[in-house]
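**Q** Sequence:
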Amino acid sequence: MFIRSRTRGLLLLLLSLASALAQSPKAPVADFQDVAEKAGLKFEIVSGDKESKKYIIETTGTGVAIFDYDNDGWPDIFIVNGTTLAQTPNGSGPTNHLFHNNHDGTFTDVTEKAGLRSSGWGQGVCAGDYDNDGFDDLYVTYYGKNRLYHNQGNGTFKELAEAAGVAGTGKEWGTGCSFVDYDRDGLLDIVVANYVDFDLATTPAPGQGTSCMWKGVPVMCGPRGLKSAPNVLYHNLGHGKFEDVSKKAGIDKTSGHYAFSISTIDFDNDGWPDIYIACDSTPSILYRNNHDGTFTDVAVVAGAAFNEDGREQAGMGSTVADFDGDGQLDIFKTNFSDDSSTLYRNNGDGTFTDATYSSGLGLHTQYLGWGTMFMDFDNDGWPDLLLVNGHVYPEVDKYKLGSDYQEPRILYRNSGKGTFEDVSNAAGPAILRKASGRGLATGDLWNNGKISAVITNMGEAPSLLVNQMSYPSHWIGIKTIGTKSNRDGIGARVTAKANGRVFVDEVRSGSSYSSSSDLRVHFGLGTATKMDSLEVRWPSGLVEGFEAKVDAINAIKEGTGKAVIASKAAGVAK
Numbered sequence: 002m003f004i005r006s007r008t009r010g011l012l013l014l015l016l017s018l019a020s021a022l023a024q025s026p027k028a029p030v031a032d033f034q035d036v037a038e039k040a041g042l043k044f045e046i047v048s049g050d051k052e053s054k055k056y057i058i059e060t061t062g063t064g065v066a067i068f069d070y071d072n073d074g075w076p077d078i079f080i081v082n083g084t085t086l087a088q089t090p091n092g093s094g095p096t097n098h099l100f101h102n103n104h105d106g107t108f109t110d111v112t113e114k115a116g117l118r119s120s121g122w123g124q125g126v127c128a129g130d131y132d133n134d135g136f137d138d139l140y141v142t143y144y145g146k147n148r149l150y151h152n153q154g155n156g157t158f159k160e161l162a163e164a165a166g167v168a169g170t171g172k173e174w175g176t177g178c179s180f181v182d183y184d185r186d187g188l189l190d191i192v193v194a195n196y197v198d199f200d201l202a203t204t205p206a207p208g209q210g211t212s213c214m215w216k217g218v219p220v221m222c223g224p225r226g227l228k229s230a231p232n233v234l235y236h237n238l239g240h241g242k243f244e245d246v247s248k249k250a251g252i253d254k255t256s257g258h259y260a261f262s263i264s265t266i267d268f269d270n271d272g273w274p275d276i277y278i279a280c281d282s283t284p285s286i287l288y289r290n291n292h293d294g295t296f297t298d299v300a301v302v303a304g305a306a307f308n309e310d311g312r313e314q315a316g317m318g319s320t321v322a323d324f325d326g327d328g329q330l331d332i333f334k335t336n337f338s339d340d341s342s343t344l345y346r347n348n349g350d351g352t353f354t355d356a357t358y359s360s361g362l363g364l365h366t367q368y369l370g371w372g373t374m375f376m377d378f379d380n381d382g383w384p385d386l387l388l389v390n391g392h393v394y395p396e397v398d399k400y401k402l403g404s405d406y407q408e409p410r411i412l413y414r415n416s417g418k419g420t421f422e423d424v425s426n427a428a429g430p431a432i433l434r435k436a437s438g439r440g441l442a443t444g445d446l447w448n449n450g451k452i453s454a455v456i457t458n459m460g461e462a463p464s465l466l467v468n469q470m471s472y473p474s475h476w477i478g479i480k481t482i483g484t485k486s487n488r489d490g491i492g493a494r495v496t497a498k499a500n501g502r503v504f505v506d507e508v509r510s511g512s513s514y515s516s517s518s519d520l521r522v523h524f525g526l527g528t529a530t531k532m533d534s535l536e537v538r539w540p541s542g543l544v545e546g547f548e549a550k551v552d553a554i555n556a557i558k559e560g561t562g563k564a565v566i567a568s569k570a571a572g573v574a575k
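The numbering of the sequence shown is the numbering used here, which starts it at 2 and goes up by one.
Everything labelled a hint here was simulated from the structure, so no lab data went into it. Watch out, some of these pointers could steer you wrong.
In silico lysine to any residue, SDA-like type, Cα no more than 25 Å apart, as pairs [claimed, not checked]: (1) K228 x T255; (2) K27 x K451; (3) K485 x I554; (4) K531 x I554.
DEER-style ranges, computed between Cβ atoms [stated by the list, open to error]: (5) Q88 x T352: 42 to 52 Å; (6) K418 x Q88: 24 to 34 Å; (7) Y358 x S256: 27 to 37 Å; (8) M470 x R502: 15 to 25 Å; (9) G403 x D253: 14 to 24 Å; (10) Y358 x N500: 29 to 39 Å; (11) K498 x S93: 50 to 60 Å; (12) L238 x K401: 50 to 60 Å; (13) V301 x G328: 18 to 28 Å; (14) G226 x A553: 31 to 41 Å; (15) K498 x K418: 14 to 24 Å; (16) A87 x D293: 32 to 42 Å; (17) K558 x T530: 18 to 28 Å; (18) A28 x A164: 53 to 63 Å.
By construction, the Cβ of each residue, glycine as well, lies at the ideal position given by its N, Cα and C atoms.
Turn these sequences into a full structure, and let the hints guide you.
**A** Structure, rendered in structure tokens:
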């Protein structure tokens with residue numbers, strides 16, 4: 002994690018506090034309540050010892066997925082769990098949890114029934130239908146062998162990672178993951194971010210070396226001082242089999258990075274999915290798709306590797322959206338404490354500009370950010386930002402190092418003018434509640450146009466944030482169903498027009514921090530009561546226009562719309 006001088010850190014802290022006070026709205030703008038316990042999300046998320054963190058494996062926490070596993074039209078929740086350094090009898094350790102949506106504001110824990118009970122150092126998760134059978138599957142990363150849960154279509158899952166060739170060697174520490182059809186052959190591939198080459202037997206104890214100290218206090222070691230690990234790309238061969246093509250695809254050429262979260266993004270709008278990876282204490286990665294099964298890391302030349310000072314940051318989570326309505330997808334990244342988060346504005350020419358301070362997001366430098374998602378909480382048509390925070394060093398409380406181990410969430414409201422306002426103090430008690438948060442996934446859990454959020458918290462139960470405030474604004478939801486493309490339509494670019502505005506997003510699996518949000522695209526529409534147009538560019542290259550209803554979830558099936566002439570840039574899948 003990133004180390005900075007105390008003087009600069011304190012200066013940024015004072016500036017952020019002054020700016021935050023100046024921007025605090027007087028009237029409530031949202032009413033986010035944590036309804037997790039009432040909704041039935043009752044279990045403890047485990048990640049090492051509660052009181053102290055001797056090793057870095059105990060600090061990174063876990064992710065969460067929002068996905069509809071039984072195809073009943075109501076998103077369900079899967080939460081990854083970790084474990085402890087203490088040995089537990091086989092099968093008795095903490096387990097992951099799957100919660101079935103009961104359609105009434107509550108969930109039922111169906112983990113055992115679904116065959117998903119599993120213990121270990123769980124980390125991240127992504128959802129996608131890798132065999133195109135119409136039911137979304139799960140890929141879960143671990144410190145150890147990763148797991149691929151095939152959805153049987155009857156409410157149960159079968160673990161097939163070894164048979165499919167995606168388990169890994171057991172020595173890797175997987176973090177973020179994403180299902181992505183990088184070669185556009187209609188089959189979802191898997192990209193995995195690996196953090197460090199970690200070994201308990203050889204990792205120094207707190208205080209043993211410069212990378213095991215923070216502000217003069219002995220803390221757990223890493224990631225600096227530890228060996229990095231290569232990222233992995235698995236190509237889907239069909240028939241339930243994958244091939245490790247990391248070397249063939251050029252993924253392994255980028256080395257020396259501590260990779261955390263993955264967000265897929267067609268940043269140059271050429272119709273081929275690219276891959277952004279937020280990296281801890283090292284430059285972030287932007288793999289540009291070369292259209293021939295290979296990738297090139299262009300993060301440095303594209304302006305997405307460093308901040309505006311030309312300095313690498315300690316990236317944790319990332320999220321993608323067109324925040325300023327110019328039709329280009331932008332990237333937001335959370336970072337370590339004593340630093341700001343980073344907003345990369347897409348210039349539309351294959352490059353990005355750091356717009357963090359010009360957009361008003363250079364605040365709260367005392368917080369350590371993790372999961373983050375663009376989400377239009379008031380459906381005014383401008384994507385807002387939700388951030389989850391929490392420190393990695395419990396020692397910050399004991400030694401009063403300028404941060405707290407448990408930290409509040411942050412909600413930034415998009416002004417629609419290229420800037421954001423911190424509205425955390427006017428957004429309800431669930432935003433201000435302190436926790437050591439990690440994973441975050443968002444989705445329309447009850448198909449009413451309101452975006453809710455699930456957060457994983459270290460050493461306690463998860464949070465389920467539901468906005469109880471109503472707005473007069475309108476919205477639209479899009480569920481893509483591929484035919485020639487992958488069944489989920491992952492990678493499809495959705496462009497909507499209403500009231501003179503253009504809304505753009507893509508269907509993506511995995512994002513935030515080690516998490517996977519609702520695969521359905523959601524746009525707030527403000528005062529618009531009808532759509533002027535809705536266009537989908539499918540991964541297959543087909544571009545279609547569709548009729549769609551406002552204030553409803555619209556199922557869009559490839560091949561059933563009105564064909565639109567595709568731009569030459571979109572190309573044709575091979």
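**Q** Determine for every hint whether it applies to the structure shown.
**A** Tested hints:
no.	hint	result
1	K228 x T255	holds, 14 Å
2	K27 x K451	holds, 23 Å
3	K485 x I554	holds, 22 Å
4	K531 x I554	holds, 14 Å
5	Q88 x T352: 42 to 52 Å	holds, 51 Å
6	K418 x Q88: 24 to 34 Å	violated, 56 Å
7	Y358 x S256: 27 to 37 Å	holds, 31 Å
8	M470 x R502: 15 to 25 Å	holds, 23 Å
9	G403 x D253: 14 to 24 Å	violated, 39 Å
10	Y358 x N500: 29 to 39 Å	holds, 31 Å
11	K498 x S93: 50 to 60 Å	holds, 55 Å
12	L238 x K401: 50 to 60 Å	holds, 55 Å
13	V301 x G328: 18 to 28 Å	holds, 25 Å
14	G226 x A553: 31 to 41 Å	violated, 53 Å
15	K498 x K418: 14 to 24 Å	holds, 20 Å
16	A87 x D293: 32 to 42 Å	violated, 49 Å
17	K558 x T530: 18 to 28 Å	holds, 25 Å
18	A28 x A164: 53 to 63 Å	holds, 57 Å
Consistency with the previously given hints fails for numbers 6, 9, 14, 16, ordered from lowest to highest.
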